[in-house]
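Chain by chain, the residues:
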Amino acid sequence: MAHSEQEILAGLAEIVSEETGLPAESVLPEKSFTDDLDIDSLSMMTIVTLAEDRFSVTIPDGEVKNLVTVSDAVSFIAGAQS
Amino acid sequence: MTRPTLRQSAGPAFSRILGIGGVRGELVVPNDDLVGPIDSSDEWIRQRTGIVTRRRAAAGTDVLDLAEGAAHAALEDAGLTGADVDAVIVSTVTYFEQTPAAAAIIADRIGATPAAAWDISAACAGYCYGVGQADALVRAGSARNVLVVGAEKMSEYIDPTDRSISFLLGDGAGAVVIGPSQTPGIGPTVWGSDGSQAKVIHQTHSGLQWRDQPELGWPTIRQEGPTVFKWASFQMAPVAQRAMDAAGVTADQIEVFVPHQANMRIIDQLIKQLKLPAGVVVGRDVADTGNTSAASIPLATERLRREGLVSSGALALQVGFGAGLVYAAQVVVLP
Chain A
1 MAHSEQEILA GLAEIVSEET GLPAESVLPE KSFTDDLDID SLSMMTIVTL
51 AEDRFSVTIP DGEVKNLVTV SDAVSFIAGA QS
Chain B
1 MTRPTLRQSA GPAFSRILGI GGVRGELVVP NDDLVGPIDS SDEWIRQRTG
51 IVTRRRAAAG TDVLDLAEGA AHAALEDAGL TGADVDAVIV STVTYFEQTP
101 AAAAIIADRI GATPAAAWDI SAACAGYCYG VGQADALVRA GSARNVLVVG
151 AEKMSEYIDP TDRSISFLLG DGAGAVVIGP SQTPGIGPTV WGSDGSQAKV
201 IHQTHSGLQW RDQPELGWPT IRQEGPTVFK WASFQMAPVA QRAMDAAGVT
251 ADQIEVFVPH QANMRIIDQL IKQLKLPAGV VVGRDVADTG NTSAASIPLA
301 TERLRREGLV SSGALALQVG FGAGLVYAAQ VVVLP
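So the protein sequences, as listed, match chains A and B. Quick note: the first sequence, position 56, residue 56 per the numbering used here, numbers continuous. Quick note: the second sequence, position 38, residue 38 per the numbering used here, numbers continuous.
Be aware that one or more of the hints could be misleading.
Claimed, not checked - Calculated pairs, DSS-like style, for lysine-lysine (alpha carbon to alpha carbon, straight line, at most 30 Å):
#1 31(A) to 272(B)
#2 65(A) to 272(B)
#3 65(A) to 31(A)
#4 199(B) to 272(B)
#5 199(B) to 65(A)
As the list claims (entries may be wrong) - Derived DEER-like restraints, expressed as beta-carbon distance ranges:
#6 213(B) to 80(A): 55 to 61 Å
#7 248(B) to 2(A): 29 to 35 Å
#8 6(A) to 136(B): 52 to 58 Å
Unchecked claim - Chain B is nowhere near these chain A residues, computed Cβ spacing over 12 Å in every case:
#9 4
#10 37
#11 46
#12 60
#13 62
#14 68
Don't read these hints as lab results, they were simulated from the structure. Treat the numbers as computed from the prediction; the structure is a model and nothing was measured. We put the beta carbon where it would ideally sit given N, CA and C, even for glycine.
The whole structure should be built from the sequences, with the hints applied where relevant.
This is the structure we're talking about:
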């Protein structure tokens with residue numbers, strides 16, 4: 001069953017929080033993974049892998065550089081579900 | 001005419017590691033010595049890799065010298081001499097002669113001639129591949145004692161301006177002697193490859209291209225770091241799990257975990273994925289030896305033993321993974 005963007009955001013926030021120790025509430029759509037959340041390329045790959053698992057989608061490695069903000073990731077995952 | 005029925009060899013039921021030895025490059029190279037040409041910092045390297053220093057060999061030391069030193073140390077640890085060895089396997093990607101094999105030279109240097117001798121190319125999984133081969137050779141009766149050496153002078157293969165992998169790499173050799181055992185000492189090897197990802201860790205160009213276009217310079221190694229990190233961290237845990245399953249042991253029975261020493265963050269992620277208990281002793285030699293490819297697992301293991309952190313008879317899970325892509329894992333009993 002497809003997840004709503006709201007559910008994807010909540011799930012992604014949990015994953016980011018688990019990986020970085022940041023509070024889930026701070027993982028807002030407009031936040032940049034690198035500049036605001038201080039997530040490096042290796043942590044980003046961990047987050048991507050856990051998100052792939054959780055939402056049953058594939059996020060190609062080449063696509064990861066385009067996921068600049070949390071909102072970018074939510075949109076990509078939502079689109080990849082369908 | 002009646003054809004005769006052939007005899008086929010058969011060996012002992014079990015094999016085990018009889019001794020382990022290692023040699024590291026003589027030079028201690030801190031991050032600060034490498035950061036200039038890659039516009040990086042000690043902090044950046046530590047945070048992303050856990051590496052503080054790496055060991056590199058001096059100009060006059062070659063990969064054969066490293067391999068020979070490790071081989072002697074393993075034989076001494078096993079209480080054997082070269083004459084007791086009847087097969088020598090050297091895993092390396094940094095012996096730059098196509099032929100003859102490094103293994104034949106090492107066999108001769110340690111007094112093992114006329115032992116069977118050959119090299120294997122399985123990059124950072126090469127040691128675990130060698131252990132798998134040696135286990136099979138012993139139990140098939142093809143060899144009584146097999147010397148397996150992982151030896152690398154990775155510093156011959158680096159580009160100081162490369163930000164992808166060169167700064168991770170170190171030089172060293174680790175070796176084990178594998179022979180017959182009264183009890184099971186080496187679990188089944190779970191191994192495989194995926195050549196569709198050959199470019200993920202690759203040589204910049206071939207020796208032939210270097211010959212034909214000298215302006216390309218000496219070939220060096222590169223990797224797609226985040227892709228390799230994802231593969232190693234998340235796809236090698238199921239491989240290691242299969243090795244435990246095949247050996248009939250569970251994560252809570254593993255006493256020692258020695259993954260390939262590529263990056264501390266991969267090691268930490270593997271521990272998490274495998275749900276290894278907090279008390280497991282983990283090889284973390286990468287912090288000050290760097291990534292020594294095929295040598296890294298035996299080097300990390302010999303260090304844990306030398307520092308008294310593991311006991312004889314302990315169950316160790318080892319998993320190697322690298323360029324190919326290739327991987328191999330097994331559970332072994334430490335000598």
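message: Flag every earlier hint the structure violates by its number, smallest first.
response: 6, 7, 11, 12, 13
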